[in-house]
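On the provided structure of chain A, position chain B as indicated by the hints.
First to last, the sequence lines map onto chains A and B.
When the count follows UniProt numbering, it moves up by one through the first sequence with no breaks and lands on 214 for the last residue.
When the count follows UniProt numbering, it moves up by one through the second sequence with no breaks and lands on 363 for the last residue.
It should be emphasised that the hints constitute simulated quantities derived from the structure, not laboratory data.
Note that the structure is predicted; figures quoted are calculated from it, not measured.
One thing to keep in mind: the hints can contain errors.
Claimed, not checked - Derived DEER-like restraints, expressed as beta-carbon distance ranges:
{"id": "1", "chain 1": "A", "residue 1": "P138", "chain 2": "B", "residue 2": "N249", "range": "24 to 34 Å"}
{"id": "2", "chain 1": "B", "residue 1": "E256", "chain 2": "A", "residue 2": "N72", "range": "24 to 34 Å"}
{"id": "3", "chain 1": "B", "residue 1": "K176", "chain 2": "A", "residue 2": "S34", "range": "41 to 51 Å"}
{"id": "4", "chain 1": "A", "residue 1": "R33", "chain 2": "B", "residue 2": "Q110", "range": "36 to 46 Å"}
Claimed, not checked - Subject to a maximum C-alpha distance of 25 Å in a straight line, what follows is the list of computed PhoX-like cross-link-like pairs (lysine-lysine):
{"id": "5", "chain 1": "A", "residue 1": "K166", "chain 2": "A", "residue 2": "K96"}
{"id": "6", "chain 1": "A", "residue 1": "K96", "chain 2": "A", "residue 2": "K60"}
{"id": "7", "chain 1": "B", "residue 1": "K83", "chain 2": "B", "residue 2": "K71"}
{"id": "8", "chain 1": "A", "residue 1": "K2", "chain 2": "B", "residue 2": "K89"}
{"id": "9", "chain 1": "B", "residue 1": "K186", "chain 2": "A", "residue 2": "K2"}
{"id": "10", "chain 1": "B", "residue 1": "K97", "chain 2": "A", "residue 2": "K2"}
{"id": "11", "chain 1": "A", "residue 1": "K166", "chain 2": "A", "residue 2": "K150"}
{"id": "12", "chain 1": "A", "residue 1": "K60", "chain 2": "A", "residue 2": "K166"}
{"id": "13", "chain 1": "B", "residue 1": "K176", "chain 2": "B", "residue 2": "K207"}
Glycine included, each C-beta is placed from N, C-alpha and C at the ideal position.
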Amino acid sequence: MKLYSLSVLYKGEAKVVLLKAAYDVSSFSFFQRSSVQEFMTFTSQLIVERSSKGTRASVKEQDYLCHVYVRNDSLAGVVIADNEYPSRVAFTLLEKVLDEFSKQVDRIDWPVGSPATIHYPALDGHLSRYQNPREADPMTKVQAELDETKIILHNTMESLLERGEKLDDLVSKSEVLGTQSKAFYKTVSTQHLLPPGCSLQRAVAACCFWHSPL
Amino acid sequence: MAETSEEVAVLVQRVVKDITNAFRRNPHIIDRCHMYPAASKPGLYHCMEREHRSSICKMRKNQQRRLLGRKELILSGTLNPIKDLHLGKLALTKFPKSPETWIHRRWVLQQLIQETSLPSFMTKGNLGTIPTERAQRLIQEEMEVCGEAAGRYPSNYNAWSHRIWVLQHLAKLDVKILLDELSSTKHWASMHVSDHSGFHYRQFLLKSLISQTVTDSSVMEQNPLRSEPALVLPKDEEAAVSTEEPRINLHHLLEEEVEFSTDLIDSYPGHETLWCHRRHIFYLQHHLNGSQLSQAMEVDGLNDSSKQGYSQETKRLKRTPAPDSLGLEMEHRFIDQILSTCRNVEQARFASAYRKWLVTLSQ
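Bound conformation, chain A alone (with noise of 0.2 Å):
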């Protein structure tokens, strides 16, 4: 069971900002790293855009699990994990991170923040800590005050689009990924390796080549 990435972030009225994110994508082929990592930055950021606040969710694709919570100060957190890494855990990791953020970090510096400008150096030792979550969160077994059945899930990244909208489109226009993860993702479509709009898990896969037949 794996946590890949841990990102806080600020749902604006216009957009949404990065705030601070934590990766860990070492199961990642070396040269896969950067373009994973930006990928994993833009669905984020794609989720918590489509996602209301006051709200948590899970977006499935495949072999991740993309968990989500918006609060209502409008302070969101995604965690990106494997299929095997538990939900409760991840939900427990988000309200513990954002709470220590809001404690930490001043809401005026939120709307216009950046990973370079916030000051919040706990995070990666938290992704680092929750990769074996009963180390971490001993209290595992024990029901979570939170009630499983608000949670919103969603069993692919397309039902978070709208009508019309395609993927394809978005990761063009998005500024968070680099030209050559652009690059990338336009090309893997072209060769048909992946089909014209496909799901970001396998864009994702394909930058990483784990999946490739032998």
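Relative to chain A, chain B alone:
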């Protein structure tokens, strides 16, 4: 692109030379190597290792020819099998599933066992054979390679089957090694709760431990009228102790595995693999209790024939209810507890299915 076997052989020799030199300069290369496709030539892969800019590993797409070439080199004595195993280990970092690589690996291991002048096993009196230090090192290395490959690809059947093969053919199901494997893979299994192959490996270990132990005790049972049981060396009891024949309590091992399963099912709701594993363990317990009960009955019969009469012990055995009905009761209680407290839809489904299965078992 047509290739003659000579061309292949030349290419392979060049590759081997490059690799040998690379390893000579830096034996720890394997930890830092990553494979990536060469943009210029499809089907070729380079190994990215900063200190060795030239492509160290040219792996052609046509694996069969390449592996055949390597076999020829090994048989002719040009390529050291151990070096070939290193190369294979590297290939598995990029292609952790590759069936041809695993198959070739087994061929190389067999060559190593057969052609070496040192025996792989030493006999230790009546206690059978144990693997030599050399064999143990080979086995350990294979366990590591399998472990890494298993981590690189989920439910990597080829890696786990290879691991089983090594235990069967290199380790000859040595009990101490089986026990070591059981304890050393426990943490990995707990961190890969939907890796079916990983849990199947634990089932294999337990089954093998049962078969290895029961075989020994049934040898004992066959000669109950002898003054000494067949396994103990009456002359040299000290030697018997020092060869570290582990005492296995099979019931305890199985109970521990059930506890492990309970712990995981509680912590990680909704993973079918864990429930499947539980079925296997329960079945093993059920089977073990059944067979031991029938063995106890046999002893009873033989005692009778030697006119020793019924001992208090055998009378007690006949009166106790079958141990597994108690186990069944506990399982049903476990299921009830899960169903009453879980909020995960899948978990509830698996728990109900498990209950249905238990009912069929007791029919």
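Are the Cα positions of K60/A and K166/A separated by 25 Å at most? 18 Å, holds
Decide if the proposed pair is consistent with the structure: K83/B and K71/B, CA atoms, cutoff 25 Å inclusive. Holds, because 12 Å separates the two Cα atoms, which is no more than 25 Å.
Pairwise hint evaluation, K96/A against K166/A, where the allowed Cα distance is 25 Å at most: Not satisfied, since the Cα-Cα distance of roughly 34 Å exceeds 25 Å.
Given the hinted pair K2/A and K89/B, is their alpha-carbon gap at most 25 Å? 24 Å, holds
Do the alpha carbons of K97/B and K2/A lie within 25 Å of each other, as the hint requires? 20 Å, holds
24 to 34 Å as the expected CB spacing between N72/A and E256/B, which holds or is violated: 47 Å, violated
Taking 41 to 51 Å as the stated bounds, is the beta-carbon spacing between K176/B and S34/A within them? Hint holds: Cβ distance 46 Å, inside 41 to 51 Å.
Does K207/B lie within 25 Å of K176/B when you go C-alpha to C-alpha? 14 Å, holds
Measure nothing beyond the straight line between the CA atoms of K96/A and K60/A; if it is 25 Å or shorter, mark the hint as holding. It holds: about 22 Å lies between the C-alpha atoms, which stays within 25 Å.
So the hint says 36 to 46 Å: do the beta-carbon atoms of R33/A and Q110/B match that? 39 Å, holds
Compare the distance between the alpha carbons of K186/B and K2/A with 25 Å, and conclude whether the hinted pair is satisfied. The given pair, whose Cα atoms are some 17 Å apart, holds under the 25 Å limit.
Run the distance test for K166/A versus K150/A: straight-line Cα separation, threshold 25 Å. 28 Å, violated
Hints 2, 5, 11, counting from the list given before, are not met by this structure.
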